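Here's the letter readout for the chains.
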Amino acid sequence: MPVKVFLFTSRMSIFYFIAFLSILFSLLVIFSKNPVHSVLYLIITFFTFTIHYIILNAQFLAIVNFIVYMGAILVLFLFVMMILNLNKDSEPTKSIYVKLAGVIGGGTLLVTLVAAMKGLAKSQPVVLQSVNLGSVKNLGQVLFHEFLLPFEVSSILLLSAMVGAVLLATKDSNPKSTKPTV
Amino acid sequence: MESLTQALKVVPLNHYILLSAIIFSIGVIGVLIRRNAIVVFMSVELMLNAVNLLLTVFSVYSNDPNGQVFVFFIMALAAAEIAIGLAIIVMIHRNTNSIDVDILNRLKW
Numbered sequence: 001m002p003v004k005v006f007l008f009t010s011r012m013s014i015f016y017f018i019a020f021l022s023i024l025f026s027l028l029v030i031f032s033k034n035p036v037h038s039v040l041y042l043i044i045t046f047f048t049f050t051i052h053y054i055i056l057n058a059q060f061l062a063i064v065n066f067i068v069y070m071g072a073i074l075v076l077f078l079f080v081m082m083i084l085n086l087n088k089d090s091e092p093t094k095s096i097y098v099k100l101a102g103v104i105g106g107g108t109l110l111v112t113l114v115a116a117m118k119g120l121a122k123s124q125p126v127v128l129q130s131v132n133l134g135s136v137k138n139l140g141q142v143l144f145h146e147f148l149l150p151f152e153v154s155s156i157l158l159l160s161a162m163v164g165a166v167l168l169a170t171k172d173s174n175p176k177s178t179k180p181t182v
Numbered sequence: 001m002e003s004l005t006q007a008l009k010v011v012p013l014n015h016y017i018l019l020s021a022i023i024f025s026i027g028v029i030g031v032l033i034r035r036n037a038i039v040v041f042m043s044v045e046l047m048l049n050a051v052n053l054l055l056t057v058f059s060v061y062s063n064d065p066n067g068q069v070f071v072f073f074i075m076a077l078a079a080a081e082i083a084i085g086l087a088i089i090v091m092i093h094r095n096t097n098s099i100d101v102d103i104l105n106r107l108k109w
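Residue numbers (our numbering), protein chains in the order written: chain W, 1 to 182; chain E, 1 to 109.
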């Protein structure tokens with residue numbers, strides 16, 4: 001059955017193709033000179049993460065990742081970049097030794113993590129055991145029964161973050177005031 | 001959806017751990033080698049997302065919805081963190097006319 005074999009390999013290769021795109025675009029995020037290009041590559045990276053969530057059948061997280069990260073956070077990045085007028089390649093670069101040290105440090109972290117992973121037992125495949133594990137209904141029941149208090153506390157966190165952001169970003173209306181501004 | 005979830009049956013857990021480790025390390029490298037404060041923030045976002053993906057994978061692996069609820073909380077926290085951080089960056093840019101993180105070394109000594 002060559003058709004069935006082809007379907008099997010194509011299904012298997014969905015994950016590897018998307019993983020390759022994730023790694024490629026996240027590398028482009030940190031190595032592109034223009035920060036606006038970095039934001040655009042970050043949008044594509046988050047989109048590949050959304051596809052990962054869909055492959056894992058975590059529907060709620062896929063929607064939330066799509067709306068919150070790609071819709072809200074990256075638009076916030078672009079707005080700040082537009083306000084500060086930063087879309088030019090004027091970033092002073094670090095010296096090549098510092099960059100080399102950074103790459104070596106991160107690579108050492110990666111090697112350590114991979115070596116620790118090699119010490120594990122042979123891994124089982126990730127199998128979805130119940131289909132509606134990541135559905136909105138199931139997650140909502142868990143969220144509002146077991147995690148009700150953290151949910152309410154996170155609302156306070158968001159409120160205080162909003163107040164703090166407004167307080168930090170407003171211009172000082174009276175610059176001659178005796179209060180220290182920074 | 002049904003056919004997409006079939007793709008899961010052949011992906012071992014270690015490959016997901018490897019993917020998350022690689023993306024987390026890319027985020028660490030980005031924090032270390034860039035001087036633009038906004039790009040440093042984007043690298044922090046990459047690290048948060050790598051951890052989110054790994055939590056989701058372990059949640060599916062052990063059939064436990066708590067991991068996905070944690071990811072939801074991490075997303076709320078990341079939104080708050082980014083709002084505050086970008087406000088701080090705007091304030092710094094207003095005071096020093098730059099967002100170079102190497103200028104902000106007054107707490108160093």
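Derived from the structure by calculation, the hints contain no laboratory data. Nothing here was measured: the structure is a model prediction, and the numbers come from that model. Cβ coordinates follow ideal geometry from the N, Cα and C atoms, glycine included. Some clues are possibly wrong.
[As the list claims (entries may be wrong)] Derived contacts from chain W toward chain E, CB cut-off under 7 Å, selection only:
id, residue
1, 30
2, 119
3, 121
4, 165
5, 168
Hints, verified against the model:
1. 30: Cβ of residue 30 of chain W sits 3 Å from chain E, so the hint holds.
2. 119: Given a least distance of 11 Å, the restraint on residue 119 of chain W is violated.
3. 121: 10 Å, violated
4. 165: Residue 165 of chain W check passes; min Cβ-Cβ to chain E is 4 Å, inside 7 Å.
5. 168: 4 Å, holds
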